[in-house]
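**Q** Each chain, letter by letter, is given below.
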Amino acid sequence: MPGVMAESIYFWSGLLTGTLWAVLLWLQLPGQTPCPEHLNRRTGLICLALSGLLTLTLWSPVFGVAGAFFCLGGWSMTLLCLMPVIWAFISLRRSQPS
Amino acid sequence: MKPLAGRGERPLPPRPHSPLIFWLRLSTGSIMAVLCLLAACWADRHLAFLRPYGATGFSLLAMIGCLAGMIVLTLCMGLGSWPRIQHLAIRYRSLHGYIGITTGSLLAMGFLAGTVTLFATPLQEWSQPRLPASETIPLTDIPSVLNHLSDMEHGHYRATDHQYRLTLTSPVSARLSLPAAPELPLGRPAAQILVTQPQAGTVQLYQLVPSPVPAVIGGLHRRMGLPLPESWAMPLVGLICFFYGLALLSGIILLLPGIWRTLMTVRLEGHARRFWLDLHSLLGLYSLPFQLVIALTVALFALAPLLPTGPGLRNSPPTTTGPASRGAAFPESGAGNSPPTTTGPASRGAAFPESGAGNSPPTTTGPASPLPPAVILTQMQAFAPDFRPLTLDYVPALHMRDNLATRQSLHAPLYDASGFHGLPPSGQPYLLLEGTDPRNPLIGRDRGSILLDPHTGTILDSQNLPGRQPLARRILTWCLALHFGSFGGEFVRWLYVILGLCGVGFFHTANQLWLNSHRRRIPGQPAPVETSATLWTARLSEGSLSGCLLGLCGLMVLSPLMSHLHPVTSLTDAVPHDPEQARQEASLTFYALVALSLASYCLFPRRVCRGMILALSAACLSTAVVIVTLHHMMTRTSALEELTMAFAIASLCLWYGAFHVIRSRR
Chain A
1 MPGVMAESIY FWSGLLTGTL WAVLLWLQLP GQTPCPEHLN RRTGLICLAL
51 SGLLTLTLWS PVFGVAGAFF CLGGWSMTLL CLMPVIWAFI SLRRSQPS
Chain B
99 MKPLAGRGER PLPPRPHSPL IFWLRLSTGS IMAVLCLLAA CWADRHLAFL
149 RPYGATGFSL LAMIGCLAGM IVLTLCMGLG SWPRIQHLAI RYRSLHGYIG
199 ITTGSLLAMG FLAGTVTLFA TPLQEWSQPR LPASETIPLT DIPSVLNHLS
249 DMEHGHYRAT DHQYRLTLTS PVSARLSLPA APELPLGRPA AQILVTQPQA
299 GTVQLYQLVP SPVPAVIGGL HRRMGLPLPE SWAMPLVGLI CFFYGLALLS
349 GIILLLPGIW RTLMTVRLEG HARRFWLDLH SLLGLYSLPF QLVIALTVAL
399 FALAPLLPTG PGLRNSPPTT TGPASRGAAF PESGAGNSPP TTTGPASRGA
449 AFPESGAGNS PPTTTGPASP LPPAVILTQM QAFAPDFRPL TLDYVPALHM
499 RDNLATRQSL HAPLYDASGF HGLPPSGQPY LLLEGTDPRN PLIGRDRGSI
549 LLDPHTGTIL DSQNLPGRQP LARRILTWCL ALHFGSFGGE FVRWLYVILG
599 LCGVGFFHTA NQLWLNSHRR RIPGQPAPVE TSATLWTARL SEGSLSGCLL
649 GLCGLMVLSP LMSHLHPVTS LTDAVPHDPE QARQEASLTF YALVALSLAS
699 YCLFPRRVCR GMILALSAAC LSTAVVIVTL HHMMTRTSAL EELTMAFAIA
749 SLCLWYGAFH VIRSRR
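Protein chains in written order, with this note's numbering: chain A, 1 to 98; chain B, 99 to 764.
A hint or two may mislead.
Which stretches of chain B does chain A cover? Using the computed rule of at least three CB atoms under 8 Å from a CB of chain A, they are [as the list claims (entries may be wrong)]: (1) 365-371; (2) 381-388; (3) 534-548; (4) 572-586; (5) 589-597.
Which chain B residues stay away from chain A? Per the calculated CB distances, all over 10 Å, these [to be verified]: (6) T238; (7) T360; (8) P621.
FYI, nobody ran anything at the bench for these hints, they're computed from the structure.
This structure is a prediction, so every number in the text was calculated from the model and none was measured.
We treat Cβ as the ideally placed atom computed from N, Cα and C, and that holds for glycine.
Please work from the sequences and hints to get the whole structure.
**A** As structure tokens, this is what we get:
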């Protein structure tokens, strides 16, 4: 049972840092993204690398090293497909006069 | 082509290929792609150092051949005297568009069915009626229950002569069942006799007829919805996947230079064509690794059984002495492993003869009793601690042979990573132990396996045991696991659901983009006008995809209605069940619903059809959820609750979509 609890903590922490990684990657890419002014490129890239490494470290005990890599890839692919569409809807709502 | 018009002037825009050059390049590329595949076959046959890898080596070579073929075909279309990326894009444009519109609908159907196939095993359980409360038997009682069964059948049944299956419900208990006919993974399921123990020393039998729906959906996924036998559909599927890979590669070259600045932009307002282009490039670019893996592995599944294979797939025995099985807790295969002297009727792995034919008692000169399941599981735990066993299949010496004819008759996939040596030769009894492993990739759709001698516990084949595989087998396992999503457990399964639906969206946006580009623009008119080509292409592409959705939802209603459970007094009293007829009925229902959708799209306006098909699909899915909730309430496990919840949410989304379409003016 303690093993299951520890795995669960690793998984959810990894999911959180993996989400952060995907969001940071999204912010670095060109196009219509909510890029905050105070996040310069250098800081963004450092945070991106750190969150990626942290996710791999957290997920390795759960999925194995290769499994963690592919899970991170799959999770970021999913988020990168969905986030721009959601953001486009949010932007459209904000731009329309109420 | 003249590269520059003059000093200081911009280069002249290149022209696309003339039809003659286009077809010449396509033909040359196709021939070279075929040569790449044949080179892989030649290497498998003639290079001595590849022979020890057997079916694994052949599969990897075939996949490399497919990738090389896709790249060569792409280069043949694009290379020219002025190899600037912009010029390449123009050369690829028409090819990319035509591949998309001809294959998009089939690929969308394949992806949609594939998304449902991710839940094939839970769907089978979900469709089953409520099982009796005494279905679970402690593992220590299994030998005595089998003895009681033998006494009850007056010698007609002996555990050593017939296959029986233990489905583990906990580490110390299992469900005991006897398959009534041979089965292959992902093939047509057979009826089973469920053995229960209401009280100690008593045995009660039930006949369980499984739903054919999960296997039918699996077949639809493999054939991309084509109503053809698998052996006919596979060459077409292989060809489609080859061109799908070409379209992906050409799409990257075509799209990236133009869309880099607006990479993350989806313009919801403005011209419809721009919206579809944004969505198509977004979905295509960010799920590209997933799409490439799918294209490559499907080309392997479809083309490998057709290739002239050498020793790789046909003649080599399974790997029994790889590094995975060395130093094992179980002794190696070979010592004291003489085949048993069974001389009974050819039961082909069946628990009892089908339809009551040939009921004479078997005349076996008894081999030793198999090892008790608890002993096997303890040894397995020591051998592979991460492996979590799910089922134990005890198969007698006279069992079916795995060959192309058997796979076709049981509607199982024609490709298998073990070639035709997934099962031991006839005369060798075996114990197939299947299970999962959260830390390692699984070679099957949702499980890995190990073959043991049931009497001695020696390993017969461990090449599919997760985490204990040689490097080449592990690479192949990763390639297949990336197709099936069989790693990372439930998390990856749900990721694959989203990515699969993104794939459906990707092909749908491709079709819409093509249609928007080919509608005629008339000066002075704000909206482009439909031509007969765009009108009928739109009807057929949207009609087939909506029909596939309706067909799948219709199968969901049918699934719990096609699974039955009723008590029987003895093994020979089981009601004859024709699994082929059940499979045909389910297939017919699917294609009837697709035909209904296509007919309605041809007869009525598209907006009306959209609303109607979405509402019908939502009604089907809601009915399925209600039927299962009312009749099968007691069979709930967390996985089945999850599936019920997912179907309920999906039906709500479909209802919302239907009302949204009906209310909208456009």
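**Q** Now tell me if each hint is right for this structure.
**A** A quick look at each hint next to the structure:
no.	hint	in the structure
1	365-371	holds (count 3)
2	381-388	holds (count 5)
3	534-548	holds (count 4)
4	572-586	holds (count 4)
5	589-597	holds (count 6)
6	T238	24 Å, holds
7	T360	5 Å, violated
8	P621	30 Å, holds
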